[in-house]
Amino acid sequence: MDATTTTMPALATYSLRLGDDALVLSHRLAEWVTNAPQLEEDVALGNIGLDLLGQARTLLSYAGEVEGAGRSEDDLAYLRDERDFLNVHLVERPNDDFAVSMARQLFFSTYQLALQEGLLSSADETLAGVAGKAVKEVDYHRDHATQWVLRLGDGTEESHRRMQAGLEQMWPYVDELFATDELEQSLVAAGVAVDASSLRPGWDAYVDGVLAEATLTRPEGLRTPPGGGRRGVHTEALGYLLAEMQHLHRAHPGATW
Amino acid sequence: MTTHQLSASGRRIRRPEADNPAGRVWDAAAAVLDPEVSVLTIADLGVLRDVEVRDDGTAVVTITPTYSGCPAMDVIRRDVEDAVRSAGFAAVEVRTVLSPAWTTDWMTDEGRRALSAYGIAPPSPRRGGPVALALSVRCPQCGSPRTRESSRFGSTACKSLWVCEECREPFDHFKAI
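Quick note, the sequences are listed as chains A and B, same order.
The numbers in the numbering used here rise by one with no breaks, and the one at position 46 of the first sequence is 46.
The numbers in the numbering used here rise by one with no breaks, and the one at position 124 of the second sequence is 1124.
These are computed hints drawn from the structure, not numbers from a lab.
Source: prediction; values computed, not measured.
Please note that the accuracy of each hint is not assured.
[Claimed, not checked] Which chain B residues stay away from chain A? Per the calculated CB distances, all over 10 Å, these: (1) Val1037; (2) Asp1056; (3) Asp1082; (4) Glu1093; (5) Ser1124; (6) Gln1141.
[What the hints assert, rightly or not] Where chain B lies over chain A, by a calculated footprint (3+ residues, C-beta under 8 Å): (7) 53-59; (8) 95-108; (9) 118-129.
Don't be surprised by glycine CBs; every beta carbon is placed ideally from N, CA and C.
Working from the sequences, and respecting the hints, build out all of it.
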């Protein structure tokens, strides 16, 4: 267990979890800019990443404020190491094929929309405030992912094959989204957090609907990795992502522009 | 400068009475332009929420972001500080609040007209859910309703890309959220 999760108040840790999901996925989406299949897609993925980055900034700042140790959003984003990041594995997985990334967008945005809808009534004013903005933004994200999954799944033989492969590549990381733990439950009891496990039925219904319309098959029987992102245990991919994301800040400490 | 401004949804944006210090702070802050859509003031946009002058003379201006990640917020914050300082307030504090969350309904009618004249189709009123059905976005160039969305995401977080089938011009639409 690392320093972050053992010493931070539960609320700070929870805020960091949500913030790290948004931060890491925003970085993955930024990697698509100039590499997407069309210019509009560069713009769309850049915009979705920007929304997530905005959410991350508020959540990380808040985590630092609640922790009370003087860490800023930048300290938390750039000066923590891999084991201190609390995001789920889904968001850190490499982009790979466009269809793989669209599968991730569908899975994550469907989860995130339901989560943020739940947080609208959080007893914590900041989490509820972030949710108030996020629900409107993520609704667009989910719609964007849905359109692509439909278009690729119900498109050509090749696009269908690659979309199905994309679903199967990201599917093993879905269960972790809905794993709850003691820390989350303590905040659920206080009316602050949402029980992630309660979001699964709604997620299944939405995703199944999209897959059926897209003529895709819901993956079954795939091995589920043990997860652990919420405890700072990550896949190999996160270290490389952080190396790129944090390099400039660490090479020039305190630089501004 | 106008007194109370009324947004399209009838939301009253708080502007203090004209002749007190808070009124002067409001007028200075209200004239700051959105750096990404330079025909809209932050008051027209509905980003300016409230002003207050504390007993010690500090001017406190409250703003709210349109989108969580709107990169214009840092510039707006700086511009508000400069504008209020120029209006004679040495100490200026700019606060950012998230709730109630900004929606396109906070935009004033004047703001909508300015957008349209600038070539950006103004947001449609929101209906029910967070994503409005944009069925009748009129081309800001020729006024035709025969338009189609080419991408839901445009040059900034708040806009989508459209094309007019009549005059063939592409245009930005300030999307309803």
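* Asked: Should the label of Gln1141 of chain B as a non-interface residue stand, given a Cβ cut-off of 10 Å to chain A?
  -> Since the minimum Cβ distance to chain A is about 20 Å, Gln1141 of chain B lies beyond 10 Å and the statement holds.
* Coverage of the stretch 95-108 of chain A by chain B, judged on three or more residues with CB within 8 Å -> violated (count 0)
* To do: Establish whether the coverage given for the stretch 53-59 of chain A by chain B is satisfied; the threshold is a Cβ-Cβ distance below 8 Å, and no fewer than three residues must meet it.
  => As far as the stretch 53-59 of chain A goes, the hint holds, because 5 residues have Cβ atoms under 8 Å from chain B.
* Just double-check Ser1124 of chain B for me: nearest Cβ-Cβ distance to chain A has to come out over 10 Å. => holds, 15 Å
* Beyond 10 Å from each Cβ of chain A, as asserted for Val1037 of chain B -> holds, 16 Å
* **Outcome, coverage of the stretch 118-129 of chain A by chain B - at least 3 residues whose beta-carbon is closer than 8 Å to one in that chain** => Coverage by chain B holds here, the residue count being 4 at a Cβ distance below 8 Å.
* **Claimed clearance of chain A by Asp1056 of chain B, with the beta carbon kept past 10 Å** => holds, 24 Å
* Asked: Against chain A, does Asp1082 of chain B keep a CB gap of more than 10 Å to every residue?
  -> holds, 18 Å
* Separation of Glu1093 of chain B from chain A, once the least beta-carbon distance is taken, above 10 Å -> Per Cβ check, Glu1093 of chain B is outside 10 Å of chain A; nearest 17 Å; holds.
In this structure, the one hint that does not hold is number 8.
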